[in-house]
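Participant: Sequence:
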Amino acid sequence: MADAHDTDKNIEVWKIKKLIKALEAARGNGTSMISLIMPPRDQIARVTKMLGDEFGTASNIKSRVNRQSVLGAITSAQQRLKLYNKVPPNGLVLYTGTIVTDDGKEKKVTIDFEPFRPINASLYLCDNKFHTEALNELLESDDKFGFIVMDGNGTLFGTLSGNTREVLHKFSVDLPKKHGRGGQSALRFARLRMEKRHNYVRKTAELATQFYINPATSQPNVSGLILAGSADFKTELSQSDMFDPRLQAKILNVVDVSYGGENGFNQAIELSAEILSNVKFIQEKRLIGKYFEEISQDTGKYVFGVDDTLQALDAGAVETLIVWENLDMTRYVLKNTTTGEVVIKHYNKEQEANQSNFRDPESNADYEEREAKIPAPVLEAAAWAAAAPPPLTPRLSVVLHGKSDCEKSCFAPKELSYMALQISETLLTTSGENRSFPIPLLSACIHKGKNTVILPKEHNIASTKSLLNLLSDVTQQSFDEEVVRSLSDQVFDGE
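Going by the UniProt record's numbering, the sequence shown opens with residue 1, and the numbers climb by one from there.
Derived by calculation from the structure, the hints in this document are not laboratory data.
Note that the structure is a prediction, hence the values are computed from the model and not measured.
Backbone N, C-alpha and C define an ideal beta-carbon position, used for all residues, glycine too.
Check each hint, because a few of them may be wrong.
[Unchecked claim] Cross-link-like lysine to aspartate or glutamate pairs, in silico, DMTMM-like; alpha carbons within 20 angstroms at most:
1. LYS345 x GLU319
2. LYS18 x ASP112
3. LYS349 x GLU362
4. LYS170 x GLU114
5. LYS17 x ASP143
6. LYS129 x ASP143
7. LYS18 x ASP360
8. LYS129 x GLU166
9. LYS62 x ASP102
10. LYS129 x ASP42
11. LYS82 x GLU54
12. LYS170 x ASP256
13. LYS86 x GLU24
14. LYS196 x GLU236
15. LYS21 x ASP256
16. LYS15 x GLU195
17. LYS345 x ASP360
18. LYS62 x GLU195
19. LYS9 x ASP143
20. LYS86 x GLU114
21. LYS177 x GLU195
22. LYS144 x ASP328
23. LYS203 x GLU236
24. LYS107 x GLU24
25. LYS170 x ASP127
26. LYS21 x ASP143
27. LYS82 x ASP42
28. LYS335 x ASP366
[Stated by the list, open to error] Computed spacing ranges between beta-carbons, pair by pair:
29. THR339 x GLY289: 41 to 47 angstroms
30. ASN221 x GLY104: 50 to 56 angstroms
31. LYS170 x LYS9: 29 to 35 angstroms
32. PRO176 x SER240: 15 to 21 angstroms
33. GLN311 x ASP103: 34 to 40 angstroms
34. GLN311 x PRO361: 17 to 23 angstroms
35. SER240 x ASP127: 57 to 63 angstroms
36. GLU341 x ASN253: 54 to 60 angstroms
37. GLN248 x THR48: 52 to 58 angstroms
38. ILE295 x PRO88: 41 to 47 angstroms
39. PHE171 x GLU293: 18 to 24 angstroms
40. ASN136 x THR339: 46 to 52 angstroms
Starting from the given sequences, assemble the full structure and let the hints guide the process.
Facilitator: See below:
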């Protein structure tokens with residue numbers, strides 16, 4: 001669940017970055033471009049009234065062309081707001097107006113969306129550009145980190161998210177000190193001392209699980225853990241078998257602090273500032289490291305390049321998908337003007353400029369665009385991952401700090417769950433004249449919690465029963481048929 005949350009957040013951050021880039025590049029004539037941001041709990045009626053007042057003011061603009069453009073933009077904003085009964089929980093962002101395209105033509109655009117997290121800004125501006133400054137706060141990290149400050153006097157549990165520090169719990173402890181007295185009782189005193197230390201570490205480990213493990217998902221609710229203290233307790237805790245392995249995997253650093261309690265908490269935050277700022281980079285570095293580890297061991301559990309990766313996706317053979325956000329490629333659906341054959345191509349900017357890529361290499365016949373071109377592969381992969389139900393759903397990671405190592409690579413190791421592996425291998429090995437499934441294996445996915453198989457509308461219905469029987473044999477479950485839109489519709493509809 002945590003992986004899914006991180007994936008969704010990365011995809012949303014990528015979308016916002018792309019949107020900001022496109023909006024910042026747009027320019028218009030005069031002041032015909034409206035930027036409108038409404039925070040949560042704002043009122044649609046208030047903004048509608050304000051736009052009505054602005055419409056009256058704009059009617060007095062002397063320039064006829066500019067006046068018509070501004071009035072048109074205000075009208076578009078009013079019409080779009082009519083689609084909302086109230087401001088969405090995370091607020092509402094609206095950009096509308098007339099922009100000038102690269103070829104000098106005017107084009108009306110209207111973009112409205114609910115941010116993926118609350119936006120605490122209120123904005124209304126008419127200008128010759130769109131104002132995106134308020135959107136940048138959506139790109140700031142909201143990762144939450146756990147802190148355990150442990151010394152001989154007690155333990156503090158806290159969290160840090162952005163600039164918000166919170167103390168979850170703290171307790172004191174009275175541990176016996178080392179001493180050389182006792183005579184024949186010295187060993188007993190030492191044993192009692194070690195026993196109390198052991199109980200102290202155990203209590204801390206149990207409370208750590210209570211505060212940093214989400215009981216609903218059984219997964220950590222923090223992105224990382226910092227252990228701090230002025231004695232050896234922090235090291236003892238990190239190495240203890242009593243410390244939850246799920247939390248051990250989240251330990252980012254163990255730091256020495258001069259104090260306990262809240263003063264130690266503040267000092268631990270200062271000493272960990274650099275590590276916390278690099279957490280996302282470290283996660284991505286680990287992800288790319290796994291990629292090269294698979295290659296160096298020649299396991300065959302990897303594939304790279306857009307075409308090969310998408311083929312693996314269609315085969316349902318992907319567990320982890322890594323995509324660099326700045327891999328600037330476009331998906332083209334092209335039709336051969338001579339044979340009528342439809343092909344799908346992915347080109348970067350240089351390849352787009354080469355007209356030979358838009359001709360059939362064998363017959364030299366021209367290709368014509370059959371569908372609107374779509375940015376790829378991030379959009380394609382993100383939509384695919386969102387649409388594919390378990391068990392064939394891959395974990396999608398959008399690399400936001402991509403380096404040259406992954407600039408031209410998509411990573412798709414085929415480490416499948418047992419059920420997915422069984423289904424994939426069986427379908428692959430039994431395909432033939434009597435059992436032909438001319439559809440991607442992805443299209444035969446199982447809904448989580450429902451024994452339903454999704455089939456694209458162009459699927460050969462005659463083979464449906466055979467496919468359902470095959471899935472039943474593999475999974476020992478019965479399935480009902482549900483014919484839905486094709487995969488391409490799921491991925492590209494509305495984009």
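Participant: Compare the structure with each hint and give your call.
Facilitator: These are the hints, each one checked on the structure:
{"no.": "1", "hint": "LYS345 x GLU319", "in the structure": "violated (24 angstroms)"}
{"no.": "2", "hint": "LYS18 x ASP112", "in the structure": "holds (15 angstroms)"}
{"no.": "3", "hint": "LYS349 x GLU362", "in the structure": "violated (23 angstroms)"}
{"no.": "4", "hint": "LYS170 x GLU114", "in the structure": "violated (39 angstroms)"}
{"no.": "5", "hint": "LYS17 x ASP143", "in the structure": "holds (18 angstroms)"}
{"no.": "6", "hint": "LYS129 x ASP143", "in the structure": "violated (32 angstroms)"}
{"no.": "7", "hint": "LYS18 x ASP360", "in the structure": "violated (32 angstroms)"}
{"no.": "8", "hint": "LYS129 x GLU166", "in the structure": "violated (40 angstroms)"}
{"no.": "9", "hint": "LYS62 x ASP102", "in the structure": "violated (27 angstroms)"}
{"no.": "10", "hint": "LYS129 x ASP42", "in the structure": "violated (24 angstroms)"}
{"no.": "11", "hint": "LYS82 x GLU54", "in the structure": "holds (17 angstroms)"}
{"no.": "12", "hint": "LYS170 x ASP256", "in the structure": "holds (18 angstroms)"}
{"no.": "13", "hint": "LYS86 x GLU24", "in the structure": "violated (28 angstroms)"}
{"no.": "14", "hint": "LYS196 x GLU236", "in the structure": "holds (14 angstroms)"}
{"no.": "15", "hint": "LYS21 x ASP256", "in the structure": "violated (43 angstroms)"}
{"no.": "16", "hint": "LYS15 x GLU195", "in the structure": "violated (54 angstroms)"}
{"no.": "17", "hint": "LYS345 x ASP360", "in the structure": "holds (12 angstroms)"}
{"no.": "18", "hint": "LYS62 x GLU195", "in the structure": "violated (86 angstroms)"}
{"no.": "19", "hint": "LYS9 x ASP143", "in the structure": "holds (11 angstroms)"}
{"no.": "20", "hint": "LYS86 x GLU114", "in the structure": "holds (12 angstroms)"}
{"no.": "21", "hint": "LYS177 x GLU195", "in the structure": "holds (13 angstroms)"}
{"no.": "22", "hint": "LYS144 x ASP328", "in the structure": "violated (31 angstroms)"}
{"no.": "23", "hint": "LYS203 x GLU236", "in the structure": "holds (13 angstroms)"}
{"no.": "24", "hint": "LYS107 x GLU24", "in the structure": "holds (16 angstroms)"}
{"no.": "25", "hint": "LYS170 x ASP127", "in the structure": "violated (53 angstroms)"}
{"no.": "26", "hint": "LYS21 x ASP143", "in the structure": "violated (24 angstroms)"}
{"no.": "27", "hint": "LYS82 x ASP42", "in the structure": "holds (15 angstroms)"}
{"no.": "28", "hint": "LYS335 x ASP366", "in the structure": "holds (8 angstroms)"}
{"no.": "29", "hint": "THR339 x GLY289: 41 to 47 angstroms", "in the structure": "holds (45 angstroms)"}
{"no.": "30", "hint": "ASN221 x GLY104: 50 to 56 angstroms", "in the structure": "holds (53 angstroms)"}
{"no.": "31", "hint": "LYS170 x LYS9: 29 to 35 angstroms", "in the structure": "holds (30 angstroms)"}
{"no.": "32", "hint": "PRO176 x SER240: 15 to 21 angstroms", "in the structure": "holds (20 angstroms)"}
{"no.": "33", "hint": "GLN311 x ASP103: 34 to 40 angstroms", "in the structure": "holds (36 angstroms)"}
{"no.": "34", "hint": "GLN311 x PRO361: 17 to 23 angstroms", "in the structure": "holds (20 angstroms)"}
{"no.": "35", "hint": "SER240 x ASP127: 57 to 63 angstroms", "in the structure": "holds (59 angstroms)"}
{"no.": "36", "hint": "GLU341 x ASN253: 54 to 60 angstroms", "in the structure": "holds (57 angstroms)"}
{"no.": "37", "hint": "GLN248 x THR48: 52 to 58 angstroms", "in the structure": "holds (54 angstroms)"}
{"no.": "38", "hint": "ILE295 x PRO88: 41 to 47 angstroms", "in the structure": "holds (44 angstroms)"}
{"no.": "39", "hint": "PHE171 x GLU293: 18 to 24 angstroms", "in the structure": "violated (42 angstroms)"}
{"no.": "40", "hint": "ASN136 x THR339: 46 to 52 angstroms", "in the structure": "holds (49 angstroms)"}
In summary, the numbered hints that this structure violates are 1, 3, 4, 6, 7, 8, 9, 10, 13, 15, 16, 18, 22, 25, 26 and 39.
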